[in-house]
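Q: Sequence:
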Amino acid sequence: MEDTTHRPQLSRRRLMGILAGGIAASAVGGVGIFTTQSGGNAAAPSPAPATTSSSAAAGSTSASAAEKTVTPVVRVQTDEDTWYAWQWVNLTTGATYGSADAAKQTNNTESMIKAWIGADYLAGLEASGQPLSDADNALITKMIKKSDNAAAQTLYLRRGGDQVIQRAIDECGLTGTAITESWWSKTQITALDATRMMREILTRAETSELVRWLVDDLMRNVDDDNAFGIAQALAETDPQADPAVKNGWTDHANTGLWNLNCLAEWTSTGTGDHIVLAILTRYPLGYGQAYGEKVCREVTSQLLGQLTVQA
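The opening residue of the sequence shown carries number 4 in our numbering; numbering runs sequentially from there.
Source of the hints: derived by calculation from the structure; they are not laboratory data.
On a predicted model such as this, the values are computed, not experimentally measured, just so you know.
Accuracy of the hints is not assured; some may be wrong.
Cβ pair distances, simulated, as ranges [unchecked claim]:
hint, residue 1, residue 2, range
1, L160, D227, 42 to 50 Å
2, Q156, E129, 21 to 29 Å
3, T258, K148, 36 to 44 Å
4, D165, Q133, 16 to 24 Å
Backbone N, C-alpha and C define an ideal beta-carbon position, used for all residues, glycine too.
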């Protein structure tokens, strides 16, 4: 289901280079399993230390001072039947933080997986030496900027259906992701794996002009009604961050639940560090889409306040 409310327009900036060599993925435990407190509806937090890739951190001069000294604590006010998880990865320093279930519990990917469907389709074109046709350009543009489901289904089937998701698992190193047969939007993914998927797309954008187009021209310019959550929080605190976004959101009558996810990459204006953040949430239908968007915004705002330094 697509949201029709108005969102602030995002700025554009070309994707800056990401530290060569890649970052080793690691799960971070101990940051609150978000159980609810008796007599209230605030998610109970508990902090966790960062894990840092020594190869990425060694000699780095752009690491945020906040990341060196702060272990983030997320306190989002939610109703007791709300679940959420998050994962923060600093691609420049290698520092990672996440909720205790970031590597354990899954959510439907919903439209978040469209970022991979696009990158995988473009990889197929490049491998076969085919140019991007006007028709394919239009399909991918609709899929990413407007979150068009029909376009995603067409591209997913052309690349072998479930084989698209299997390639994501294999090529992005996903350890907590599972295929739902013939249903890309119900792929089960963890917050940690969502950041791994995004990192692989960004790595490909360094060497692939087509994937760079996907990230810079499309994901950094999604339609306003697709730019909720992380992008909204950044618009308030770091308006030059220019995030690459692919969110996912659907209300499911059969389960009685909303599944809503936010995924973005951006460059912190204060530090120059490249950040990837994934937030997954699931909650009863009656709360509406705006409730999940608010969870994403508040998680993002709290992490930005603790882990970044503004210029």
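Q: All hints are to be evaluated individually against the structure, with a verdict given for each.
A: Now the hints, each set against the structure:
Distance hint check for L160 and D227: the Cβ-Cβ separation is about 29 Å, which falls outside the suggested range of 42 to 50 Å. In this structure the hint that Q156 and E129 lie 21 to 29 Å apart at CB holds, the actual value being about 22 Å. A beta carbon spacing of about 28 Å between T258 and K148 contradicts the range 36 to 44 Å that was offered as a hint. For D165 paired with Q133, a C-beta distance near 23 Å keeps the hint of 16 to 24 Å intact.
Checked against the numbered hints listed earlier, the structure breaks hints 1, 3; every other hint is satisfied.
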